[in-house]
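Undergrad: Chain residues, written in single-letter form:
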Amino acid sequence: MERSGTILAEVKKNYGQVMNYVNGRWTASESSQVLDVVNPATGGIIAKVPLSTVGEVEAAIKSAQEAFWEWRSTPPMTRARYLFRLKGLLEEHFEEMSRILVQEEGKTIDESRGEVRRAIENVDAATGMSSQMMGYNLEDITNEVDEECVRQPTGVFCCVAPFNFPAMVPLWFMPYAVACGDTYVIKPSEQVPLTQNKVLELVDEAGFPPGVVNLVNGSKEVVDALLDSPVIRGVSFVGSTSVAKYIYRRAAEKGKRVQCQGGAKNFMVVMPDANLDKTVATLMTSFYGCAGERCLSGSVLLPVGGVYEDLRDNFVEAASKIKVGYGLDESVQMGPVISKKHMERVLSYIEKGQAEGARLLLDGRKVRVEDCPGGNFIGPTVFDEVRPNMTIAKEEIFGPVAAIVRVENLGQAIDIIHSSPYGNAASIFTSSGKWAREFKYKVQCGNIGVNIGIAAPIALFPFGGMKDSFFGDLHGQGGEVVDFFTERKVVISRWF
Amino acid sequence: MTSNSELNTFGSVLTFAINLEDTARTFYERLSERDEHHLSMDILKELAEGNRKRRELLERTRREGVVEMILERISGLDRTEYLVNASYAPDEANNLKVAIELEKRMGRFYSDSANKTKFLPEVSRTLEKLARNSAEREARLRSL
Numbered sequence: 000m001e002r003s004g005t006i007l008a009e010v011k012k013n014y015g016q017v018m019n020y021v022n023g024r025w026t027a028s029e030s031s032q033v034l035d036v037v038n039p040a041t042g043g044i045i046a047k048v049p050l051s052t053v054g055e056v057e058a059a060i061k062s063a064q065e066a067f068w069e070w071r072s073t074p075p076m077t078r079a080r081y082l083f084r085l086k087g088l089l090e091e092h093f094e095e096m097s098r099i100l101v102q103e104e105g106k107t108i109d110e111s112r113g114e115v116r117r118a119i120e121n122v123d124a125a126t127g128m129s130s131q132m133m134g135y136n137l138e139d140i141t142n143e144v145d146e147e148c149v150r151q152p153t154g155v156f157c158c159v160a161p162f163n164f165p166a167m168v169p170l171w172f173m174p175y176a177v178a179c180g181d182t183y184v185i186k187p188s189e190q191v192p193l194t195q196n197k198v199l200e201l202v203d204e205a206g207f208p209p210g211v212v213n214l215v216n217g218s219k220e221v222v223d224a225l226l227d228s229p230v231i232r233g234v235s236f237v238g239s240t241s242v243a244k245y246i247y248r249r250a251a252e253k254g255k256r257v258q259c260q261g262g263a264k265n266f267m268v269v270m271p272d273a274n275l276d277k278t279v280a281t282l283m284t285s286f287y288g289c290a291g292e293r294c295l296s297g298s299v300l301l302p303v304g305g306v307y308e309d310l311r312d313n314f315v316e317a318a319s320k321i322k323v324g325y326g327l328d329e330s331v332q333m334g335p336v337i338s339k340k341h342m343e344r345v346l347s348y349i350e351k352g353q354a355e356g357a358r359l360l361l362d363g364r365k366v367r368v369e370d371c372p373g374g375n376f377i378g379p380t381v382f383d384e385v386r387p388n389m390t391i392a393k394e395e396i397f398g399p400v401a402a403i404v405r406v407e408n409l410g411q412a413i414d415i416i417h418s419s420p421y422g423n424a425a426s427i428f429t430s431s432g433k434w435a436r437e438f439k440y441k442v443q444c445g446n447i448g449v450n451i452g453i454a455a456p457i458a459l460f461p462f463g464g465m466k467d468s469f470f471g472d473l474h475g476q477g478g479e480v481v482d483f484f485t486e487r488k489v490v491i492s493r494w495f
Numbered sequence: 000m001t002s003n004s005e006l007n008t009f010g011s012v013l014t015f016a017i018n019l020e021d022t023a024r025t026f027y028e029r030l031s032e033r034d035e036h037h038l039s040m041d042i043l044k045e046l047a048e049g050n051r052k053r054r055e056l057l058e059r060t061r062r063e064g065v066v067e068m069i070l071e072r073i074s075g076l077d078r079t080e081y082l083v084n085a086s087y088a089p090d091e092a093n094n095l096k097v098a099i100e101l102e103k104r105m106g107r108f109y110s111d112s113a114n115k116t117k118f119l120p121e122v123s124r125t126l127e128k129l130a131r132n133s134a135e136r137e138a139r140l141r142s143l
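Read top to bottom, the protein sequences are chains A and B. So the first sequence is numbered by numbering that gives the first Met the number 0: it starts at 0 and just counts up by one. So the second sequence is numbered by numbering that gives the first Met the number 0: it starts at 0 and just counts up by one.
If we strip away everything but chain A, and leave its shape as in the complex, we get (with noise of 0.2 Å):
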């Protein structure tokens, strides 16, 4: 696979019209609406993704409901064993798709990779499901009467997926949810549809029964004939806050169990204290890893009183050394933003940011790269002097924009992030336990750093999330996963 230099090779040029996987069959959608999926980084037409109707997702809701009772009576330890040939194909064909999610959603191929790892983790946390399911038991609650509490599987659940990690979030759920004993409909976002099609190609060869998982592409008619269906039990949604809130409003009406997680917008304080090499390379990956388009992305620096000049300096010098370009060429930092579309709204936002009067130090527009004309490149940008009340310092971006705000002290700091109303990521940068505890016990948002500027939690660990940042009451990934995919059903039983 690999060509000279440090170029990389496509997995395939183009990848033609994705189909729905439903019953364990590939089927082509009947669907006369259709979308390009266009690579980030050249513009060109990848592959055709139908937008698929009512009808194919409710063949596709009824296959998993017809298959849930032979699974949930499958036993949980033949249940993972599905899964441990799930994580030997995915590793198996690890490159490939870290290749393919590079072609289609344009992160740099380190990130891609990276990503893939993540989705990895979560079908190894999934497979030790059976002894996570375990239910618990009390005898005598009064005399010859005992009681317990076991687990059941629920029924069909589904997710809808965002552009930004189309590897790995639909793995945050449907691994959990099969080895508790649900059955899945994965709908993934229409722009990046290749790499979780992968996915499911391996879940075909790893041999799940036909209809435990199913994919069915398409948009927002999808998803709504998903969060509508009465056989639907739970929905896991990831992206923007808006649409959170549409999905939470609207699954909820119809008894669904609901866990939306939406936008953000985080903050990375920096103490006079810290170490400022580390800091800055660190920050240079919470900033502009993936192009900014990262829910744990930093996105407004607020550094403490007498650290600011250097910081400053510092970051803007390490941000203009940032190779900008196409992700298969390993040497490059930063790949291009999702589309055209979405880089004429982070473009606006570096409008916005000038307009009302911060400080431009480094200006990602100019950034040119040659050999991808046609791909959507903003390259590192900074903005000094930003107050907390302009707009690139309170809305989500979702590119690689930075806005420095001064602050004189923590408490300073602490009052801005609250003033968010977003709590998904902030974090610090000290090398004081006082100002680090201080942070992480006040500081209202769902996943918190100390000297980490991504602080993404791993399979093991609850994905959280506050505020306007997530609806719904039980997290994605960690211990929750299991109260989320599972009924609890108590038993009180007596013998004559």
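Among these hints, one or two may not hold up.
As the list claims (entries may be wrong) - With a Cα cut of at most 30 Å, we get these calculated DSSO-like pairs of lysine-lysine:
(1) B/115 / A/320
(2) A/86 / B/52
(3) A/433 / A/393
These aren't lab readings, by the way, just hints derived from the structure by calculation.
Please arrange chain B on chain A, whose structure you already have, making use of the hints.
TA: For chain B alone, kept in the frame of chain A given last:
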């Protein structure tokens, strides 16, 4: 911006290492296939087999060692400093010199890249291990 010869990412370092192993393996295999060889055929085959195993280790490291939340940029590693023209020559003595130089530069590359990837300790340890292994291979060649 970075120069084209700079190894500035986790992936570029590991892929370069994999390519180095392939180069060395091809070189040793070609030498071992010769009829009149000055070096022991068994040793050459062992060295080539060692390159195959090292490649597997590097591929596994590239697959499993990447940590999505800590992907820091790398600077100060230039591929041109570690490349050796390992083309086969009829001159036995020269081939031995090339082999020693190859191992020496690979050892230096692994040592330097281990220092540059300290932010991923497991990866760094693997590269250190390969640096030690390269030093052993070099010593073995020098003893011939």
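Undergrad: If a hint holds in the structure, say so; if it doesn't, say that too.
TA: Each hint, compared with the structure:
Restraint check for residue 115 of chain B and residue 320 of chain A: the C-alpha separation of about 17 Å stays at or below 30 Å, so the hint holds. Annotation: proposed proximity of residue 86 of chain A to residue 52 of chain B holds, straight-line Cα distance about 23 Å (limit 30 Å). Pair hint residue 433 of chain A plus residue 393 of chain A holds up; C-alpha atoms about 28 Å apart against a cutoff of 30 Å.
Against the hints set out earlier in the document, no violation occurs for any number.
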